Amino acid sequence: MKKSLLTLGILATLGSPAFAATPSEDPHIADLEARIKVLEANAEAMRQQADAALAALQATKAEVEELKQGRNAGANEAAAPEPAAAPTGANGNAFNPAMSVILDGQYSHHSLNPDDYVRSGFPLAGDAGPGVQGLSLGESEISLSASIDEKFSGQLTISANSENGQDTFGVEEAFVDATALPAGFTLRAGRFFSDIGYLNSHHAHTDKFSDRPLAYQAFLGGQYGDDGVQVRWVAPTDLYMELGGEVFSGDRYPSGGGGHDGVGVTTLFAHAGGDIGVETSWLAGVSMLRSRTEGAEDGFTGDERLYVADVTWKWAPQGNTKDGGFLVRSEYFVEDRDGQYMDPGNQLPDQAWAGMRRGVYVEGIYRINRTWETGYRYDQLWADDRGPFSSNYDPYRHSLMLTWRNSEFSLVRLQLSKDYPNPADVDTAVTLQIQTALGAHGAHKF
Amino acid sequence: MNKQIAFALLFGLFALPASAKLQVFACEPEWGSLLQELAADKVDVSVGTTALQDVHQIDAKPSLIAKVRKADLVVCTGAELEVGWLPQLIQQAGNQKVASGAGYFLAASQVQLLDKPTQLDRAAGDVHPEGNPHIQLDPYRVLKVADALSARLQLLDAANTALYLQRLADFTARWQAATKRWEGKAAALKGKKVVVHHVSWVYLNKWLGLEQIGALEPKPGVPPTSGYLSSLIGTTKSEGTYAIISAAYQDQKPAQWLSERTGVPVVVLPYTVGGDAQSADLFGFFDSTIDKLLGAAK
Numbered sequence: 001m002k003k004s005l006l007t008l009g010i011l012a013t014l015g016s017p018a019f020a021a022t023p024s025e026d027p028h029i030a031d032l033e034a035r036i037k038v039l040e041a042n043a044e045a046m047r048q049q050a051d052a053a054l055a056a057l058q059a060t061k062a063e064v065e066e067l068k069q070g071r072n073a074g075a076n077e078a079a080a081p082e083p084a085a086a087p088t089g090a091n092g093n094a095f096n097p098a099m100s101v102i103l104d105g106q107y108s109h110h111s112l113n114p115d116d117y118v119r120s121g122f123p124l125a126g127d128a129g130p131g132v133q134g135l136s137l138g139e140s141e142i143s144l145s146a147s148i149d150e151k152f153s154g155q156l157t158i159s160a161n162s163e164n165g166q167d168t169f170g171v172e173e174a175f176v177d178a179t180a181l182p183a184g185f186t187l188r189a190g191r192f193f194s195d196i197g198y199l200n201s202h203h204a205h206t207d208k209f210s211d212r213p214l215a216y217q218a219f220l221g222g223q224y225g226d227d228g229v230q231v232r233w234v235a236p237t238d239l240y241m242e243l244g245g246e247v248f249s250g251d252r253y254p255s256g257g258g259g260h261d262g263v264g265v266t267t268l269f270a271h272a273g274g275d276i277g278v279e280t281s282w283l284a285g286v287s288m289l290r291s292r293t294e295g296a297e298d299g300f301t302g303d304e305r306l307y308v309a310d311v312t313w314k315w316a317p318q319g320n321t322k323d324g325g326f327l328v329r330s331e332y333f334v335e336d337r338d339g340q341y342m343d344p345g346n347q348l349p350d351q352a353w354a355g356m357r358r359g360v361y362v363e364g365i366y367r368i369n370r371t372w373e374t375g376y377r378y379d380q381l382w383a384d385d386r387g388p389f390s391s392n393y394d395p396y397r398h399s400l401m402l403t404w405r406n407s408e409f410s411l412v413r414l415q416l417s418k419d420y421p422n423p424a425d426v427d428t429a430v431t432l433q434i435q436t437a438l439g440a441h442g443a444h445k446f
Numbered sequence: 001m002n003k004q005i006a007f008a009l010l011f012g013l014f015a016l017p018a019s020a021k022l023q024v025f026a027c028e029p030e031w032g033s034l035l036q037e038l039a040a041d042k043v044d045v046s047v048g049t050t051a052l053q054d055v056h057q058i059d060a061k062p063s064l065i066a067k068v069r070k071a072d073l074v075v076c077t078g079a080e081l082e083v084g085w086l087p088q089l090i091q092q093a094g095n096q097k098v099a100s101g102a103g104y105f106l107a108a109s110q111v112q113l114l115d116k117p118t119q120l121d122r123a124a125g126d127v128h129p130e131g132n133p134h135i136q137l138d139p140y141r142v143l144k145v146a147d148a149l150s151a152r153l154q155l156l157d158a159a160n161t162a163l164y165l166q167r168l169a170d171f172t173a174r175w176q177a178a179t180k181r182w183e184g185k186a187a188a189l190k191g192k193k194v195v196v197h198h199v200s201w202v203y204l205n206k207w208l209g210l211e212q213i214g215a216l217e218p219k220p221g222v223p224p225t226s227g228y229l230s231s232l233i234g235t236t237k238s239e240g241t242y243a244i245i246s247a248a249y250q251d252q253k254p255a256q257w258l259s260e261r262t263g264v265p266v267v268v269l270p271y272t273v274g275g276d277a278q279s280a281d282l283f284g285f286f287d288s289t290i291d292k293l294l295g296a297a298k
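If you read the sequences in order, they're chains A and B. If you count the first sequence from 1, position 96 lands on 96 in the numbering used here, and the numbers rise without skipping. If you count the second sequence from 1, position 204 lands on 204 in the numbering used here, and the numbers rise without skipping.
No lab work stands behind these hints, which were simulated from the structure alone.
Have a look at the derived ranges for each label pair, beta carbon to beta carbon:
id	chain 1	residue 1	chain 2	residue 2	range
1	B	Pro218	A	Phe326	27 to 33 Å
2	B	Gly101	A	Ala94	19 to 25 Å
3	A	Leu416	B	Leu120	36 to 42 Å
Going by beta-carbon spacing under 8 Å, a handful of chain A positions derived as facing chain B:
id	residue
4	Gly184
5	Thr186
6	Ser281
7	Thr371
8	Phe446
No more than 16 Å apart at the CA atoms, straight line, and that leaves these computed lysine to aspartate or glutamate pairs for EDC-like:
id	chain 1	residue 1	chain 2	residue 2
9	B	Lys97	A	Glu150
10	B	Lys193	B	Glu239
11	A	Lys322	B	Asp59
12	A	Lys322	B	Asp251
13	A	Lys445	B	Asp59
14	A	Lys322	B	Asp54
15	A	Lys322	A	Asp207
Every value quoted in this text rests on a predicted model; they were computed, and no experiment measured them. Glycine included, each C-beta is placed from N, C-alpha and C at the ideal position.
When you get a sec, could you build the whole thing from the sequences and use the hints?
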């Protein structure tokens, strides 16, 4: 019956002299066309139902066959999805965020007393410096993270530090991510580590060495994190391309004073990456940080531009990077300052501070197997030959490490370094570090 | 009139990406192959890992972020198998289509899992709280996943529903016939005792009636040590072990070591699609697995 109606409809359409007219001009034809569409849809739906019925029939037949043979206990169990486990929400803890705890302990011996440590051309600011003599608590932190709702997720990281017998807890990160933005955009607001360079956005516990490269110490105080907003965009291309920018209050080194109504630092960054075959991957980027600084920790007031270029190259047999292979990473920093030096201790007279300083590190890591890893890092800084910290001497350092990993969650690292911070001193240091991760299984960046 | 043209152009711009093929990112090769079976050329599939990689331990590589960024659908095993990298890929890619909901498909959520630990403690090794995730080694579970995955494809790409239904029916018929064939061939394996490298084989063991009497890893995810391997020599010998099973991606040295000291043969199974020359697709993967297990008797 339906079929004959359909035929009739088609004939009527074809037979009509007004066939060429657009549907909107003849309501009668438009009506017929609409009905044909409905009938076609009906026919398609019936065909689909028939197919589905056939599939279901075959499935049932097979199941009956299976039951007859009395085989495969596993089959029935696989076919019946497990009833969802009863939510443990009665006590209100079911929505607790994922919690992970990083515990880090270190023993260091420095041949040069850390109190006498002077780095030519680079006053120590932020977390810069040789570290603590003897036993110390390293970068220990508690991190909580969870989805907030379908549009936001959040993270809070509290870090523990110990200085001169005083324990301090600080909010290292506290941010909200907007996860529902279209077209590959993400938005982050709160306190977080800037995405400039490579290491800066990585927590220190994912580093390959027990301390940060000299360039990070000199230009970013170890790691630059501040209160701000970030916009990131990932391009829909086969090659990984990420562009982003940030605005920060500018309270922390290398900035200071929360300059210009609390909007003291702006950044731009771009990263690209990909694979070469199955065994090689790479990531490279360029970044810029611009700061309008008022009274930074090292006495600088004025305009600063910091440029960073980073490159990471990894090779592993079959791409199994946790079982072997090599990693090479380097970052190059250029810092351009134009302003004044005002002594924080008010002892020296103000003077102009305009000039350029540079720094680089190169590290090579050899992953021997799942358990062992060894690596070498070379650090170099180039001081300015003008200004308040002018120096003809350029500090450098060699570091060598050996790491034993019992599992993904614990490691013991031995590091030897020879640091040449000024023309007169050499600091030979031995560090033994133990680091563990408790709780939620972290997913780390490349 | 101008307005109409403008509207048509605008509509065309937005309609264009929607009319393009569904882009699917599969974490593992077995799901890539299943997608081929269920959707043929109606979807573009990119697979994130190979059979020679340990999927527990993948880096959140830039190339993978780029793939997730372009995807309309992500198909992964789940049950925390990819916990070390998939969340990072999704967070980095900023692609809300696959962050949750219809664009996020986990195979392990479609079936019942074995070995769900009653007590969660990392002192027991790298345990998966939801159960053992290595479900691709049970044809019944694979079929269950196929049903759910086809339904997901129909939901996301309604225009090709008829094709997806037809492909599912076709796959189901071929898969069930093949399963019968595999079971017939493998009947001789029932009750055989095996030593495994990692506990990846629970579903295969259950399906074929193999009995696991030991593992080379002292605890799941902890690499074998010589001391622990030595302790396995006695059991492996005395229990009349049939084979030592290792996956193509694993280091074969520990298995060889034990084999040399016990005379029990090592069987290197493909573990997933692409794990050996014969495993070009899901059917070849199971053919090869059964053939290699039977080959240990010779």
